[in-house]
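Residue numbers (this note's numbering), protein chains in the order written: chain W, 1330 to 1389; chain D, 126 to 333.
If you are wondering where the hints come from, they were derived from the structure by calculation, not from laboratory data.
All of these numbers come straight from a predicted model, not from anything done at the bench.
C-beta: ideal position from N, C-alpha, C; glycine also.
Heads up, some of the hints might be wrong.
Restraint-style ranges between C-beta atoms, simulated for each label pair [unchecked claim]:
#1 F1376(W) <-> S196(D): 42 to 48 Å
#2 F1361(W) <-> V244(D): 25 to 31 Å
#3 M126(D) <-> P1378(W): 57 to 63 Å
#4 F1361(W) <-> I180(D): 28 to 34 Å
#5 H1350(W) <-> L307(D): 36 to 42 Å
#6 I1354(W) <-> V306(D): 29 to 35 Å
#7 G1352(W) <-> P148(D): 51 to 57 Å
#8 I1362(W) <-> S197(D): 29 to 35 Å
#9 F1361(W) <-> H146(D): 29 to 35 Å
#10 V170(D) <-> I1362(W): 21 to 27 Å
#11 S198(D) <-> L1339(W): 20 to 26 Å
#12 A229(D) <-> L1339(W): 39 to 45 Å
#13 V1353(W) <-> V243(D): 22 to 28 Å
Computed footprint of chain W on chain D; a stretch qualifies when at least three of its residues, placed anywhere within it, have a C-beta under 8 Å from a C-beta of chain W [stated by the list, open to error]:
#14 159 to 166
#15 220 to 232
Partial list, derived from the structure: chain D residues whose beta carbon lies under 10 Å from chain W [stated by the list, open to error]:
#16 E212
#17 F216
#18 A217
Listed here are the chains, written in short residue letters.
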Amino acid sequence: MAYLWSLAALIPLNNYGHYIHWGVIDVSVANFIVVVLMILTFIAALFLPFPGRNRRKENQ
Amino acid sequence: MSTAEIERQWTTRLRKRVAGHLPPEKLLPDTQPAYVSSWIYVFGVTTIAALTMVILSGIILAIRGPQWWHSSSIGHFINSTHLWSVEIFFFAMIVHLWGKFFMAAWRGGRSLTWVTGVVTFLASVGTAFTGYVSQTNFDSQWISTQAKDGINATGVGSIFNVLNLGQMLMWHIVLLPLAAVLLTTIHVLLVRVKGVVPPFEDEKGATK
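Construct all of the structure, not just a fragment, from the sequences and the given hints.
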């Protein structure tokens, strides 16, 4: 259990949030990371091979 | 009762209509087209899986109440499960939305499927918002006081008061989840009726 607490300590959650200001765009770092992860997931979903794809194409 | 009378019954007409549009083999198909074998097609069902977890954890939170989810370790766990299920729900829903947008998933008479998806997204945003203001902690107080002016500026403040905890909780646990689940069900049934949208090249091949 103690290692979980030390893991949580890596990201201090009791401080003020960090924000990115870019012109009219004003976004918290946490939300920005989530948006970047969504974009990366989207790109990965387009290009990563799906298990069994070739087998299904051969069957059809 | 005569055959003509039986044919006129609303139950008979409804059953025939449903069976015509959505026979069992279409509702629960054995196979899917080859183009569905792509990771981009898994985010719809990921969203539904996350929604199931949201509802199950929400039911437990509703049974035990705020004192429990604030003060006990298992309450914290279920509360966190509820939050993180919502995070995965929106994450998967947005990737699903992007995928369907770029493959123009409204093609082939699927406009109602697209529209129900959009409305489900909006209902989900409302459900999440009312959840944030129903936490019964300083965070929910902060969010509701920050949101009230914006909500009041839209003109709905008289019937949707974000500072009214009881009202927000009812919207969060009754009205909006009911709408979200109903819309999701209609959305999935429409996907089953029309089938999964094919990629552009497959559609061109089909029209040759």
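Hint by hint, here is what the structure shows:
1. F1376(W) <-> S196(D): 42 to 48 Å: 47 Å, holds
2. F1361(W) <-> V244(D): 25 to 31 Å: 28 Å, holds
3. M126(D) <-> P1378(W): 57 to 63 Å: 59 Å, holds
4. F1361(W) <-> I180(D): 28 to 34 Å: 29 Å, holds
5. H1350(W) <-> L307(D): 36 to 42 Å: 40 Å, holds
6. I1354(W) <-> V306(D): 29 to 35 Å: 34 Å, holds
7. G1352(W) <-> P148(D): 51 to 57 Å: Cβ of G1352(W) to Cβ of P148(D): about 54 Å, so the range 51 to 57 Å holds.
8. I1362(W) <-> S197(D): 29 to 35 Å: Distance hint for I1362(W), S197(D) holds at roughly 30 Å.
9. F1361(W) <-> H146(D): 29 to 35 Å: Once the Cβ atoms are compared, 44 Å apart, the range 29 to 35 Å for H146(D) and F1361(W) is violated.
10. V170(D) <-> I1362(W): 21 to 27 Å: Holds, since V170(D) and I1362(W) (Cβ atoms, about 25 Å apart) stay within the stated range.
11. S198(D) <-> L1339(W): 20 to 26 Å: At roughly 22 Å between Cβ atoms, L1339(W) and S198(D) fall inside 20 to 26 Å, so the hint holds.
12. A229(D) <-> L1339(W): 39 to 45 Å: With Cβ atoms ~42 Å apart, the hint holds.
13. V1353(W) <-> V243(D): 22 to 28 Å: Distance hint for V1353(W), V243(D) holds at roughly 25 Å.
14. 159 to 166: holds (count 5)
15. 220 to 232: holds (count 3)
16. E212: 8 Å, holds
17. F216: 6 Å, holds
18. A217: 9 Å, holds
Hint 9 from the earlier list is the only one contradicted by this structure; the remaining hints agree with it.
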